[in-house]
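> Sequence:
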Amino acid sequence: MARIDREFLAEAMSRVEAELKICAETTSKPVLFLISGLPGTGKSFLSRRLAARISCVIVETDLIRKLISPSPTYTPKENECVYAICHTLIRDLLMRGYRVVFDATNLIERNREILYHIADQVGAKLVIIRTVASEEAIRQRITKRKAATDPQDRSDAGWTVHQKMRAVQERIGRNYLVIDTTQEIDSAVEKILRLARN
Numbered sequence: 001m002a003r004i005d006r007e008f009l010a011e012a013m014s015r016v017e018a019e020l021k022i023c024a025e026t027t028s029k030p031v032l033f034l035i036s037g038l039p040g041t042g043k044s045f046l047s048r049r050l051a052a053r054i055s056c057v058i059v060e061t062d063l064i065r066k067l068i069s070p071s072p073t074y075t076p077k078e079n080e081c082v083y084a085i086c087h088t089l090i091r092d093l094l095m096r097g098y099r100v101v102f103d104a105t106n107l108i109e110r111n112r113e114i115l116y117h118i119a120d121q122v123g124a125k126l127v128i129i130r131t132v133a134s135e136e137a138i139r140q141r142i143t144k145r146k147a148a149t150d151p152q153d154r155s156d157a158g159w160t161v162h163q164k165m166r167a168v169q170e171r172i173g174r175n176y177l178v179i180d181t182t183q184e185i186d187s188a189v190e191k192i193l194r195l196a197r198n
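Residue numbers for the sequence shown follow our numbering, beginning at 1 and rising by one.
In case anyone wonders, no lab produced these hints; they're calculated from the structure. Note that CB positions come from ideal geometry on N, CA and C, so glycine has one too. A couple of the hints might just be wrong.
Calculated cross-link-like contacts (lysine to aspartate or glutamate; reagent style EDC-like; alpha-carbon spacing at most 20 Å) [stated by the list, open to error]:
#: 1; residue 1: K66; residue 2: E80
#: 2; residue 1: K77; residue 2: E7
#: 3; residue 1: K144; residue 2: D180
#: 4; residue 1: K66; residue 2: E11
#: 5; residue 1: K29; residue 2: D120
#: 6; residue 1: K125; residue 2: E190
#: 7; residue 1: K77; residue 2: E11
#: 8; residue 1: K125; residue 2: E109
#: 9; residue 1: K164; residue 2: D62
#: 10; residue 1: K66; residue 2: E7
#: 11; residue 1: K125; residue 2: D92
#: 12; residue 1: K164; residue 2: E190
#: 13; residue 1: K164; residue 2: E109
#: 14; residue 1: K144; residue 2: D62
#: 15; residue 1: K125; residue 2: E113
#: 16; residue 1: K66; residue 2: E136
#: 17; residue 1: K164; residue 2: E80
#: 18; residue 1: K29; residue 2: D92
#: 19; residue 1: K125; residue 2: E25
#: 20; residue 1: K164; residue 2: E136
#: 21; residue 1: K66; residue 2: E19
#: 22; residue 1: K144; residue 2: D120
#: 23; residue 1: K29; residue 2: E190
#: 24; residue 1: K191; residue 2: D180
#: 25; residue 1: K164; residue 2: E78
#: 26; residue 1: K66; residue 2: E78
Ranges between beta-carbon positions, derived for each pair [what the hints assert, rightly or not]:
#: 27; residue 1: Q183; residue 2: K144; range: 11 to 21 Å
#: 28; residue 1: K29; residue 2: E78; range: 30 to 40 Å
#: 29; residue 1: E190; residue 2: Y116; range: 38 to 48 Å
#: 30; residue 1: L177; residue 2: R96; range: 21 to 31 Å
#: 31; residue 1: S187; residue 2: R6; range: 44 to 54 Å
#: 32; residue 1: E78; residue 2: R194; range: 29 to 39 Å
#: 33; residue 1: D92; residue 2: E136; range: 35 to 45 Å
Whole structure, please, built from the sequences with the hints as guidance.
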């Protein structure tokens, strides 16, 4: 792994914290909603729908990447920095009593294990969600993304990136919920919220 310059990381954290609008209410029972899925499967859509139903903070890798680098390169060093910022933010927010939605591909188990550990360490409920969608729906979403028709879609991932990531996606090591984002989403959100309450 690339070694991250501490000064750069501290400066990047400051920029992200200044931009992240934290208006959610705190709770004595913080929850980490860990979203995992390939590009185009509806992770950000589901995250926004969750945030519309429950007070939470969305930590989104696509936004953080663009805050620290206006022209992202997706190098190992940049990826490591983005995830280091996300993990630090998530830990801090959970410790302060916020519910957090982590909107990222989260395809590699050893990277998810860091998040399992964070949730366990701070005593937060962990709800893992894998988003899926039909190939047709994914292709349509990626085409729409390239046309830049959705201002809330910050992802740069195209079909080629989707296929490369599909090849490295690993099995999730803990219990998780599969949500097909081409299906009725309100009942899926209800199911997620029930899991968070139990």
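> Would you mind marking each hint as holding or not holding in the structure?
Right, here's what the structure says about each hint:
| no. | hint | result |
| --- | --- | --- |
| 1 | K66 with E80 | holds, 14 Å |
| 2 | K77 with E7 | holds, 14 Å |
| 3 | K144 with D180 | holds, 19 Å |
| 4 | K66 with E11 | holds, 14 Å |
| 5 | K29 with D120 | holds, 13 Å |
| 6 | K125 with E190 | holds, 16 Å |
| 7 | K77 with E11 | holds, 15 Å |
| 8 | K125 with E109 | holds, 18 Å |
| 9 | K164 with D62 | holds, 18 Å |
| 10 | K66 with E7 | holds, 18 Å |
| 11 | K125 with D92 | holds, 15 Å |
| 12 | K164 with E190 | violated, 32 Å |
| 13 | K164 with E109 | holds, 17 Å |
| 14 | K144 with D62 | holds, 17 Å |
| 15 | K125 with E113 | holds, 15 Å |
| 16 | K66 with E136 | violated, 28 Å |
| 17 | K164 with E80 | holds, 19 Å |
| 18 | K29 with D92 | holds, 14 Å |
| 19 | K125 with E25 | holds, 16 Å |
| 20 | K164 with E136 | holds, 17 Å |
| 21 | K66 with E19 | holds, 11 Å |
| 22 | K144 with D120 | violated, 38 Å |
| 23 | K29 with E190 | holds, 18 Å |
| 24 | K191 with D180 | holds, 12 Å |
| 25 | K164 with E78 | holds, 18 Å |
| 26 | K66 with E78 | holds, 11 Å |
| 27 | Q183 with K144: 11 to 21 Å | holds, 19 Å |
| 28 | K29 with E78: 30 to 40 Å | holds, 34 Å |
| 29 | E190 with Y116: 38 to 48 Å | violated, 25 Å |
| 30 | L177 with R96: 21 to 31 Å | holds, 26 Å |
| 31 | S187 with R6: 44 to 54 Å | holds, 45 Å |
| 32 | E78 with R194: 29 to 39 Å | holds, 37 Å |
| 33 | D92 with E136: 35 to 45 Å | holds, 40 Å |
Violated hints for the displayed structure, listed by number in ascending order: 12, 16, 22 and 29.
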